[in-house]
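Asks: As a plain string of letters, each chain reads:
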Amino acid sequence: MHTLLRADWRKAFVTAVMFAVSILFLLPFVWMLITSFKVEKDVFVFPIQWIPREWNAIENYKEVWFGDYPFYLYYWNSIKVSLLTTAISALVSALAAYGFSKIQFAAGKWLFLIVLFTYMIPGQAILIPQFILYRNIGLFDNHFGLIVLGSFSVLGTFMLRQFFMGVHQEFIESAKIDGGSHPRIFWSIALPLVKPAVATYAILRFIWTWNDYQNPLIFLRTDGLFTIPLAMQKFTSLSGEFYSLIMAAAVSAIFPLLIVFIIGQKSVIEGIALGGVKG
Amino acid sequence: MARTMKSMPPPGLREAGTSRRRGFGRSLRRGEQLWGMVFISPMLIGVMILVLFPIIATLVLGFADWNFVQGWDGIRWVGLQNFRSLLEDDIFLKSIRNNMIFLLTVPIYMIISMALAILIDRHVYMKGYFKVAYFMPYISNIVAVAVVWQVLFQPSYGPINEVLRSIGIANPPKWIADPNYALVSIMMISVWISIGFNLIIYIAGLQSIPKDLYEAAEIDGANGWTKFRRITLPLLSPTSFFLLVTGIISTFKVFDIIAVMTQGGPIGSTTMMVWYLYDTAFVNLKVGYASSIAAVLFGFVMLITLGQWAAQKKWVNY
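If you read the sequences in order, they're chains Z and E. Mind the numbering: the first sequence is residues 1 to 279 in my numbering, read in order. Mind the numbering: the second sequence is residues 1001 to 1318 in my numbering, read in order.
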């Protein structure tokens, strides 16, 4: 009893210290949020005003969302690109994962090795030929091209393949004996069984696509097509010294991710832990 | 990894499935072949066109002198000339050097992550809160994060230097504006971002260590440090090895944060391989030369990955 109590106190102490450390991780976000509510002249007042003396929140966000460089447009672009990429990528990956794990055919093993090999290729080593290809087949500077680019991620195939392998082959075999074809088995038996894994992958893919900066930077030119990260950077270079506005834009850029993350927190963390994946 | 292996059906079961299938005759097997191809072809075609073909093209273009604006006729084959020039290219050598310095971030964030993971896994209340708090920088939009840090690091009136001055440091560094501090500043932010990811992986690794090992050690009178050195550290080694390799590979791919915060400057102090590749290809339009940089990048990543596969057998027992 006595030692147990001491252990509790120690745990409380460690929690307090860790809490202090965690503040370090959150402070830049807190600063960003508070600054986005301030009038510009108060941004760099020192000591830092953690509660704004003068509020300018509505004006700042109105300027960011509906001003000269309207964020609602870039939001729409990002939502469109991220959702479509996520949906197509999840479907393509699930189909391939099923094909590689539940259908036994000779060529499958070899083709899987090829896919495995492409996983090792760093994306940046193939940017130039992709760029040339896109210029020549008309996929450059449009959303469709960007969506296609993000839809064939090998990572999803690997992740989902692991889960499809957990579906017992006997299920598939007996469904086949009952006259089920592979598309039917895939859609009504196998896919529902791995639904949590597909959801996890989808959430991760959404976050990565939303945050992707490199592909839009290279494959988009027209301002009106920009996604949030590009718009964010453009906005920063245009607003120059208006840091309260820049922070309102930054808050806007991060906000949807926060929502997705809070909703899917458990599956995001589990997915990362299980797949050991790095965007 | 260990968990996913367990979820596979036992080998006997799989063989039973295969042998039963054999009785159905040839047409069925041909049917399987066809369906197999149907299911994997969307992924396969996409990967062929968007990854496999481009990597071959990269390796070929590395031997050419070509500028985007010249059109196809402008291609001149120059053999190894590009690679020879790279060896004498000061900016490229500086990029490689910066990439090597950047490698230091990997052990730093690994050590911090491991310590935080052990504390979160065993010694705190509110685990959920801590996972989310430390994970925030990792999921956040890197452009937004980079912009926030740019302002925080502002040399003359940014909050960080104001704080430093207020505690008596008269001449705080100019951070990303100072060639001597720029790379270190970027590395600090990179550590801050990477901890979340590594932490989650370490917590998963810790949870796979059987609790009774610690109980047995406690009965033998082992103290915390001994338990860490004799149980935690060795049993986490596969996790550490995995994080080390993925971490090293990711340092070769650093781009976003450089592009947003410093664009390789001031005076080349933060230029990195991928930034130089981007600058050469898409700003200076020298396709051939940039492709040879891409080939070198590919070579580095390939070497590390193959090295990992070779070493894995000795290191990791799933």
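It should be emphasised that the hints constitute simulated quantities derived from the structure, not laboratory data. What you are looking at is a predicted structure, and each value in this text was computed from that prediction instead of being measured. Ideal Cβ positions, reconstructed from N, Cα and C, are used throughout, including at glycine. Please note that the accuracy of each hint is not assured.
Said to hold, decoys possible - Looking from chain E toward chain Z, a few residues come up when the C-beta cut is under 7 Å (computed):
hint, residue
1, W1035
2, D1089
3, D1121
4, A1133
5, L1164
6, L1206
7, S1291
8, G1299
9, V1301
10, T1305
Asks: Evaluate each hint against the coordinates.
Replies: Hint by hint, here is what the structure shows:
With a cut of 7 Å, the hint placing E/W1035 at the interface with chain Z holds, because the nearest CB-to-CB distance is about 4 Å. Here the hint on E/D1089 is broken, as its CB sits about 18 Å from the closest CB of chain Z, past 7 Å. Violation of the interface hint for E/D1121 is found here, the shortest Cβ-Cβ separation to chain Z being roughly 11 Å, above the 7 Å cut-off. At its closest, the beta carbon of E/A1133 sits 4 Å from a beta carbon of chain Z; the interface hint therefore holds under the 7 Å criterion.
Checking E/L1164 against chain Z by beta carbon gives a least distance of about 11 Å; that is not within 7 Å, so the hint is violated. Residue-level restraint check for E/L1206 is violated (minimum Cβ-Cβ distance to chain Z is 11 Å; threshold 7 Å). Hint status for E/S1291: holds, given a least beta-carbon distance of 6 Å to chain Z, under 7 Å. Proximity of E/G1299 to chain Z is violated relative to the hint, the smallest CB-CB distance being about 9 Å (cut-off 7 Å).
Here the hint on E/V1301 is kept, as its CB sits about 5 Å from the closest CB of chain Z, short of 7 Å. Contact between E/T1305 and chain Z, as hinted, is supported at the beta carbon level, the nearest pair being about 5 Å apart and thus within 7 Å.
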